[in-house]
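Asks: Make a model of the complete structure from these sequences and hints.
Here is what each chain is made of, one letter per residue.
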Amino acid sequence: MLEKALVGTKRYYTLLAVLAGIFALGFLFYLQQLKVGLGITGMGRDVSWGFYIAQFTYLVGVAASAVMVVLPYYLHNYKAFGRVTILGEFLAVAAVTMCVTFVLVDMGRPDRVMNVFKYPTPNSVMFWDIIVLNGYLLLNILIGWNVLECERHSVPPPKWVKFLSYVSIPWAVSIHTVTAFLYAGLPGRGYWLTAIMAPRFLSSAFAAGPSLLILLCLLVRKYTKFDPGREQIQSIAKIVTYATLINVFFFFCEVFTVFYSQIPDHMLHFKYLFAGLDGKARLVPFMWFSIVGMTVTAILLTNPKLRQNENTLAALCGMVILTTWIDKGLGLMTGGFVPNPMEKVTEYAPTIPEGIITLGVWALGFLVLTLLYKVAVSIKEEIRS
Amino acid sequence: MGIDRREFIRISGLAALLGLGGKGAFELLRPGQVEAALKPEAGALSGKRWAMVVNMQKMDEATAQKCINACNRVHNVPDFKNPNDPKNKLDPEIANRYEVKWIWTEHYHNAFVEDQTNLPDKVKQMAFLLLCNHCDNPPCVRVCPTKATFRRDDGIVNMDMHRCIGCRFCMAGCPFGARSFNWRDPRPYIKDTYPGYPTREIGVVEKCTFCAERLAQGLAPACAEASGGTLIFGDLNDEKSQVRRMLQKYFSIRRKVHLGTNPQVYYIV
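So the sequences go chain by chain: U and Z. Here the first sequence is numbered in numbering that gives the first Met the number 0, starting from 0 and rising by one per residue. Here the second sequence is numbered in numbering that gives the first Met the number 0, starting from 0 and rising by one per residue.
Since the hints were derived computationally from the structure, they do not count as laboratory data. Any given hint could turn out to be false.
Keeping only pairs whose Cα atoms sit at most 25 Å apart, straight-line, the calculated BS3-like set for lysine-lysine is [to be verified]:
id : chain 1 : residue 1 : chain 2 : residue 2
1  : U       : 343       : Z       : 121
2  : Z       : 255       : U       : 343
3  : Z       : 80        : U       : 279
4  : Z       : 239       : Z       : 47
5  : U       : 34        : Z       : 88
6  : U       : 343       : Z       : 47
7  : Z       : 239       : Z       : 57
8  : U       : 3         : U       : 279
9  : U       : 34        : Z       : 190
10 : U       : 373       : U       : 9
11 : U       : 343       : Z       : 80
12 : U       : 161       : U       : 78
13 : U       : 270       : Z       : 255
14 : U       : 9         : U       : 221
15 : U       : 34        : Z       : 239
16 : U       : 34        : Z       : 80
Partner residues aside, some chain U positions facing chain Z, computed with beta carbon under 7 Å [unchecked claim]:
id : residue
17 : 12
18 : 14
19 : 44
20 : 111
21 : 125
22 : 127
23 : 340
This one's a predicted model, so the numbers in the text were calculated from it and none came from an experiment. Glycine included, every Cβ here is placed at the ideal spot set by N, Cα and C.
Replies: This is the structure we're talking about:
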């Protein structure tokens with residue numbers, strides 16, 4: 000099947016070349032980072048995780064969201080999703096690839112990465128995160144590839160593939176839960192020390208991931224002969240609607256507990272993000288845009304007319320992706336580290352090399368995604384004709 | 000013998016996987032002593048529960064600075080604000096971000112953010128010496144994915160910088176800001192390299208070790224030695240130890256006790 004990824008239109012090759020180019024540029028800057036150290040980023044002793052880990056967290060969510068098309072298909076026998084499960088699974092593969100790369104890029108000593116396996120430490124959440132992420136990657140490659148191959152030859156997929164599909168459902172939940180536990184169990188970080196972190200991660204994941212999937216479905220329909228289907232897109236849109244509403248609800252649950260309890264360790268982080276602290280307020284406009292935008296989008300999504308019109312739907316999905324990205328990709332990391340344990344404010348902003356390396360990893364992910372989608376779509380086109 | 004190429008690749012692949020994961024699996028099922036832990040040699044100071052008492056009644060700025068200088072010197076802690084070669088000069092904001100701190104001072108309100116209002120004003124205006132608290136229940140050890148940070152039986156929370164992968168989970172885990180990362184090569188910022196302690200490479204975390212290397216030689220921690228009795232180091236488990244007697248006699252406070260990490264650095268105020 001891989002041969003399908005090798006032949007394509009000129010536009011396909013151009014896309015691959017552009018993505019490979021961005022990846023190569025990012026790689027060059029990464030070589031610089033290896034030589035000079037992580038000091039070329041905007042991180043420092045106070046904000047010691049930045050853009051890389053934030054992208055990692057966001058993309059774990061995108062990966063987990065594949066379950067939103069897999070679950071209705073396998074558990075509720077919702078046949079319509081049979082057409083799009085492969086798109087969800089391959090999106091998960093690309094997203095986990097980016098996650099793993101972001102973690103590697105963030106490591107001070109990537110040459111020692113095998114130490115994690117040489118000295119396995121079950122009391123570290125990171126140990127479990129590595130296991131669930133790699134397991135999820137493997138599951139999605141195995142399931143996606145085999146189901147597609149069987150579809151091509153018009154035979155039902157073998158029993159073990161179906162078994163793995165069932166396994167992948169709780170597994171998807173686990174990857175984002177464990178990722179939330181990386182933060183939610185740290186005693187000194189008031190912004191993260193909340194039991195609703197894993198549920199919030201999941202709700203924002205099930206809002207953002209399926210939104211991205213809708214946009215990808217629309218692109219696939221526009222540029223290929225394979226139509227993922229209107230009904231399918233509409234069903235995913237309902238999932239996005241509920242998930243976004245729940246995500247906004249969870250946010251306000253958090254805000255209530257933090258501000259009604261009046262515990263300073265917890266309030267200060269929110270104050271920094273939404274009002275600024277010690278005159279430092281770099282993230283304030285972003286955070287307000289994120290929460291107001293997310294709330295308005297959630298309300299608009301409940302209107303069936305706006306959902307049914309694919310143009311407005313696409314715009315709303317774009318808003319969901321953007322606002323959840325600001326929440327998780329900008330606010331979560333910096334908000335957790337500011338103020339620092341001495342309640343001093345050191346702000347964070349990514350540097351240009353850091354930004355280019357980040358873009359490079361995204362390009363790598365979209366390169367993987369393009370190749371996988373090309374295979375999937377070619378097979379679907381082949382079956383149709 | 001019929002072993003074709005495909006079979007050969009399959010077997011060698013499996014063998015490689017086992018080789019990589021085998022030892023790990025074994026350690027997981029039967030965890031043993033952490034390899035990096037050391038057994039004390041003859042002449043070494045040994046204790047069951049090392050602790051530090053900072054006597055703020057005797058503390059002044061000059062003493063604090065002496066302690067900091069002594070520690071920085073014997074641990075090759077870089078000073079990013081003062082490079083040896085002017086061409087390595089850093090923007091002050093970047094130098095702050097890179098800063099490596101083993102022992103440093105903070106104003107009372109920053110050291111004790113939970114504000115104990117019943118303390119005398121004099122105390123509240125003082126700069127407090129901060130260092131790793133060598134917590135009894137250390138979150139940094141709990142989160143480290145490679146056991147590069149580990150707690151010794153005598154209570155010292157130590158680091159193996161050769162095992163550290165630089166993930167900085169411990170920096171997020173530490174509620175006291177006691178951990179530093181080598182954001183760049185520290186060597187151009189070390190004035191006189193002290194031969195008795197290794198300098199660090201880029202990409203690893205470091206912190207105060209209660210001078211584990213000096214204890215092994217029978218010496219007190221460098222800061223305590225330089226403090227002229229203001230910093231007292233000793234074994235809390237030993238009834239006759241000075242730290243134990245001081246804590247029984249005077250009122251002392253610790254940082255963020257409510258978090259349950261049980262810090263082993265005490266401040267007599």
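Asks: Which of the listed hints are not met by the structure?
Replies: Checked against the structure, the hints that fail are numbers 6, 8, 15, 17, 18 and 22, while the rest are satisfied.
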